[in-house]
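**Student:** Read off the chains here:
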Amino acid sequence: MSTTVHTTVAPREISTRPRPSDRLFRAILNVMSYSSLLILTLIGTFLIFRGFETFRDQGFKFITGFEWTSNVVDGVEKGTFGIGAMIIGTLLIAFTAIAIGVPISAMTALYLNFYAPAKAKALLTTILDLMAAFPSILFGLWGYFVLAPMAEYWAKLLYKYFRWIPIFDAPQPAFARSPFIAALVLTVMIIPIVTSVSREVFSQAPLDRIQAAYALGATKWAMIRTVVIPFGASGVVGGAMLGLGRAMGETVAIYMVLNIAFINNLHILYGVGGNVASMIVQKWGESGLVESKALLAAGFVLFMLTLIVNSIANLIVRYAVKSGK
Amino acid sequence: MATNATVVSAMKPTMPWQPTRGDRARSVIRLLISALLTYGIVALTPLKGKLAYFFVFIALSTFITAVDKFRAGGKKAAQDSFVSALALTAGVIVFLPVASILFTTVSRGVKGFHKTLLTDTMAKASITDPISMGGILHAIVGTIMIVLLASIISVPLSIMTALYLTEIKGRASGFIQFLVQAMSGIPSIVAGIFIYAAILVNTALRGSAIIGALALAILMIPTVTRTSQEVLRLIPNDLREAGLALGATQWKTVATIVLPAARSGLVTAFILGVARIAGETAPLLFTIGAADTLNLNPINGANSALPYYTWRTLTGGTPESMQRAWTAILVLLIVVLALFITARSISRRRIS
Amino acid sequence: MSAHEDLNSQNDNNGEDMTIANAQPSHAAPKSLSEVSANRLKDRTPGNAPLGTGLEARNIHAWFSKHLAVQDISLDFAAGTVTALIGPSGCGKSTFIRTLNRMHEFIPGAAMAGEVLLNGKDIYERGTDVTKIRLQIGMVFQKPNPFPSMTIGENVLSGLKLAQLKVTNKDDLMEECLERAGLWNEVKDRLGAHAGGLSGGQQQRLCIARSLAVNPKVLLMDEPCSALDPGSTLRIEETIGELAKSMTIIIVTHNMQQAARVSDYTAFFLSDGGPGKLIEVGPTNEIFSTPRDQRTENYVSGRFG
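Protein chains in written order, with the numbering used here: chain B, 10 to 334; chain G, 779 to 1130; chain Y, 667 to 971.
In case anyone wonders, no lab produced these hints; they're calculated from the structure.
Note that beta-carbon positions come from the ideal geometry of N, C-alpha and C, so glycine has one too.
Hints are supplied without guarantee of correctness; some may be wrong.
[What the hints assert, rightly or not] Here are the in silico distance ranges between beta carbons for each label pair: (1) G:Phe-833 / Y:Glu-908: 52 to 58 Å; (2) B:Val-81 / G:Pro-1097: 35 to 41 Å; (3) G:Glu-1008 / B:Glu-86: 45 to 51 Å; (4) G:Glu-1008 / Y:Gly-858: 41 to 47 Å; (5) G:Arg-804 / Y:Glu-952: 47 to 53 Å; (6) G:Val-1045 / B:Gly-84: 53 to 59 Å; (7) Y:Phe-772 / B:Trp-173: 44 to 50 Å; (8) G:Ala-982 / B:Pro-175: 52 to 58 Å; (9) B:Trp-173 / Y:Gly-793: 43 to 49 Å; (10) B:Thr-134 / Y:Ser-755: 33 to 39 Å; (11) G:Phe-841 / Y:Lys-836: 32 to 38 Å.
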């Protein structure tokens, strides 16, 4: 039997002084690891620096305005630049894609984790990885030639039967190159990322609670509803936000299927839409010096928007994964 | 021994929880009924096309199965079957566009294959010329140069960042991790216009392979960093401790033990990074100029790349230029898939 | 971990000078396991119900892929008795108990052979609704696993929600279950609090209460005290004694003292490197005092395991 003797010994500090080679090694890695901070800062700085005149001249109208005109009067380039319609269009398309894509992704993640037989699981995982590796211009090409004709027909049906729902209404029955079609292309593009994040979080649902639910006579769905969904919901939200960030920044694929116009349009079926990234590409070729600065300013707005959405998404995912451990 | 063996084989393993032949027959009958009803519904309503058949069939078979299960096991069995049908449907829906994309690309792209496709450039041919003229050599060479340059810039940075996050685990780790994730969300067009705004505005420099590579490097860094990090995390700690216990410095341990052990994983990270950027179009629109001819000089003069060439041919608007686009995208897809399969087989070999 | 180590670690965990016997002052410190069991028999004269009602396992085999883990086990669990399954690690006792309420089939590649009869009806019969089987044969696991997103009260009633059962008076049922699990007095004032705030032992009793709410006939316990401190273990053992008045209990344990304290019958499992087999089964005090098989004798006397 041991007798406990309480002594007042202060814990001794253990310190090792790294050898010079190690100090150099650590110093290099330390500096290099900040390259991402440097790059992010440089992006923000250069875009705001080049776009500064636009922000100064256009003021708050640059964000809220719906007009984009540029003309040369007496050899001086003048313009009114407002990307309000583009921002609204970007959000409309991205949120529509999320609304369609997230339920499909979450269900696919459930299927992969809890329903799929081993072979189907391997096949579907490969397909999702493939999808993530497809170049975005390929999605654009496919969207334009294959999906758009089909989607136009679906849009007609939706308009015919559901136009009493405001979002499915349209000023005229013109459905080609609509935000709806762009959103469908984006849906396909964000499914891999949303599915893989959801799957990751679902797969961490604690086995002992899953067993407890089954032992209480739960069906698979009852188990998922009681254990997996309360556990994984925040992960799906985080995945959806990451998908939203992707959707807002997509350029080429959207450009190919969307009719870009500086008109405020919230009717997803109507063939007029806005998108910040695609607009930059569209206007770039013929832009003069002043207009190109406005485009760089638009790029800055897009950069900040996606940065904020992605940061929130990453915090949510990090929290979701951590709470599972 | 012999008696033991007979005892073991006396009873065969069974899985009484799996569906019986009767269950299977029942589900086949349900599917047949759904198929018949689907045919009738599509014939009698304005719905049309293959996808109409598909969705009506899915909805009907889900409903009929749920009703059947309800009769056998009540509400909870019906709900369970309904959700499992939804989950399966989601999996199939994910499968459809990929199949369609692969089918379309291959079937349309192969029509443009011709003798000089991989050996000629567009120097003497216009994109609206008949498809048998010209080729994509300049785009392939451009893509290779740009991707290699981007890798040379980004891979060392990425691996060092990953080493910082896994080996040093310094005070700033959480923050750096956050920044790397924030970087992975940068829209590709922003990388393009940033390089344009930083380098090409107000300078004598013009678009070239190296400028394009700078833009792509920004997009490559987060992918390579995060994959390398995963790989380095898998290296068991006893390996590191063994090195340190032998009196090696941390630097020596990393260089002679950790990195060699992670080699194939780091190659996978590099390949995934390449696959990430090889298909990028938007950044190149602002950064590589526009070349129709072979340019072997990476730091001077306009260049081309497969996705960029695809973009350019699309603007032609004639059947010939569209054909060129499909063919170029097929070649690009083959390149990306080859990279992808290589990465997977390397990482699989590592696991087994 | 061997049972022998288990006995030691019980003492270690308890502190320098506290043993199980001290923790249970109503009993004189017993010398041997069979005496412990005899004491228990005095406390709770088991019913004279003959073996052969309740749950019957017939020629149970269990495989993981090609690997045979449990071979040819037949055991009868009489209604209203407590049966302890003992044996060293890897002897198949946990695998066996999981075949009794069809939890074995969740492991990919799992297979089985044999029958488990509940009221004379095979629970593995084709067309059986497995969720109904699990309602009648409840299970408590090694690690307490309450649902953290639910309150204490919701946890107790979660089985009803999961199986979509209706009950007229939820509050009465909740109180009754918590009472039977020996937790009512400790939580009656905070039924709306989250279950995560309870101690490990309280969580495990909450899990027992949760199993009771769907009114099972049989309760399986897979090392229910292995993650708990000795004080909590004692409370759970008291709970088991109470519950055995109204249901059949089968408990897997590493701890031979526990088997001796709580069970009427004990079954000894052993694997000689191959599949786990049943070596011997009998009334608990006989297993611990006069085992028929030499291997049982060696195990219960702490010579291996």
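**Student:** Determine for every hint whether it applies to the structure shown.
**Tutor:** Hint check results:
no.: 1; hint: G:Phe-833 / Y:Glu-908: 52 to 58 Å; verdict: holds, 57 Å
no.: 2; hint: B:Val-81 / G:Pro-1097: 35 to 41 Å; verdict: holds, 37 Å
no.: 3; hint: G:Glu-1008 / B:Glu-86: 45 to 51 Å; verdict: holds, 50 Å
no.: 4; hint: G:Glu-1008 / Y:Gly-858: 41 to 47 Å; verdict: holds, 42 Å
no.: 5; hint: G:Arg-804 / Y:Glu-952: 47 to 53 Å; verdict: holds, 51 Å
no.: 6; hint: G:Val-1045 / B:Gly-84: 53 to 59 Å; verdict: holds, 57 Å
no.: 7; hint: Y:Phe-772 / B:Trp-173: 44 to 50 Å; verdict: holds, 48 Å
no.: 8; hint: G:Ala-982 / B:Pro-175: 52 to 58 Å; verdict: holds, 54 Å
no.: 9; hint: B:Trp-173 / Y:Gly-793: 43 to 49 Å; verdict: holds, 47 Å
no.: 10; hint: B:Thr-134 / Y:Ser-755: 33 to 39 Å; verdict: holds, 35 Å
no.: 11; hint: G:Phe-841 / Y:Lys-836: 32 to 38 Å; verdict: holds, 33 Å
Hint compliance for this structure: every hint is met.
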